[in-house]
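Student: Counting from 1, one number per residue, gives the positions in the sequence shown under the numbering used here.
There's no promise every hint is true.
[As the list claims (entries may be wrong)] DSSO-like cross-link-like pairs, simulated, lysine-lysine; straight-line CA separation at most 30 angstroms:
hint	residue 1	residue 2
1	LYS45	LYS74
2	LYS48	LYS74
3	LYS8	LYS45
4	LYS45	LYS61
5	LYS48	LYS8
6	LYS48	LYS61
7	LYS61	LYS74
[Claimed, not checked] With beta-carbon atoms standing in for the labels, derived distance ranges:
hint	residue 1	residue 2	range
8	TYR16	GLU44	16 to 26 angstroms
9	ASN49	LYS8	15 to 25 angstroms
10	VAL82	ARG10	25 to 35 angstroms
11	LYS45	LYS8	16 to 26 angstroms
12	GLU44	GLU11	15 to 25 angstroms
13	MET21	GLU56	15 to 25 angstroms
14	GLU7	GLU56	29 to 39 angstroms
In case anyone wonders, no lab produced these hints; they're calculated from the structure.
These numbers come from a predicted model, not from an experiment.
Glycine included, every Cβ here is placed at the ideal spot set by N, Cα and C.
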Amino acid sequence: MVEKRCEKCREWQEHYYWEHMDVSKIRFFKLMTGDFAHRISIPEKFVKNSSGQITEGADMKTLSGETWPIGVTKNADELFFVLDIDPNSSWVLGTP
Numbered sequence: 001m002v003e004k005r006c007e008k009c010r011e012w013q014e015h016y017y018w019e020h021m022d023v024s025k026i027r028f029f030k031l032m033t034g035d036f037a038h039r040i041s042i043p044e045k046f047v048k049n050s051s052g053q054i055t056e057g058a059d060m061k062t063l064s065g066e067t068w069p070i071g072v073t074k075n076a077d078e079l080f081f082v083l084d085i086d087p088n089s090s091w092v093l094g095t096p
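Please construct the entire structure, taking both the sequences and the accompanying hints into account.
Tutor: Take a look at the structure:
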């Protein structure tokens with residue numbers, strides 16, 4: 001019985017997050033593995049629940065508080081954040 005209630009709570013929290021949260025506060029955490037020298041894939045669940053709002057770009061905020069403008073590109077059915085500052089830049093320790 002407790003597990004069922006926890007599942008309902010999780011469903012409610014997820015619904016609130018995607019449907020009622022201020023868009024500027026929606027975030028995701030991504031463990032960065034592999035080659036991300038010039039682009040970072042955007043998690044599928046995040047894209048699915050963003051209702052097409054990820055089209056222009058975004059600001060990436062580092063742990064130190066710096067903010068970097070980034071673009072968005074599509075490859076097949078996957079969306080990626082890409083560097084928007086200089087096409088020759090790369091991600092190095094969270095900063096371009």
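Student: Each hint needs a verdict: does it hold in this structure or not?
Tutor: Each hint, compared with the structure:
no.: 1; hint: LYS45 / LYS74; in the structure: holds, 15 angstroms
no.: 2; hint: LYS48 / LYS74; in the structure: holds, 14 angstroms
no.: 3; hint: LYS8 / LYS45; in the structure: holds, 19 angstroms
no.: 4; hint: LYS45 / LYS61; in the structure: holds, 20 angstroms
no.: 5; hint: LYS48 / LYS8; in the structure: holds, 21 angstroms
no.: 6; hint: LYS48 / LYS61; in the structure: holds, 22 angstroms
no.: 7; hint: LYS61 / LYS74; in the structure: holds, 22 angstroms
no.: 8; hint: TYR16 / GLU44: 16 to 26 angstroms; in the structure: holds, 21 angstroms
no.: 9; hint: ASN49 / LYS8: 15 to 25 angstroms; in the structure: holds, 19 angstroms
no.: 10; hint: VAL82 / ARG10: 25 to 35 angstroms; in the structure: holds, 33 angstroms
no.: 11; hint: LYS45 / LYS8: 16 to 26 angstroms; in the structure: holds, 20 angstroms
no.: 12; hint: GLU44 / GLU11: 15 to 25 angstroms; in the structure: holds, 19 angstroms
no.: 13; hint: MET21 / GLU56: 15 to 25 angstroms; in the structure: holds, 20 angstroms
no.: 14; hint: GLU7 / GLU56: 29 to 39 angstroms; in the structure: holds, 36 angstroms
Against the hints set out earlier in the document, no violation occurs for any number.
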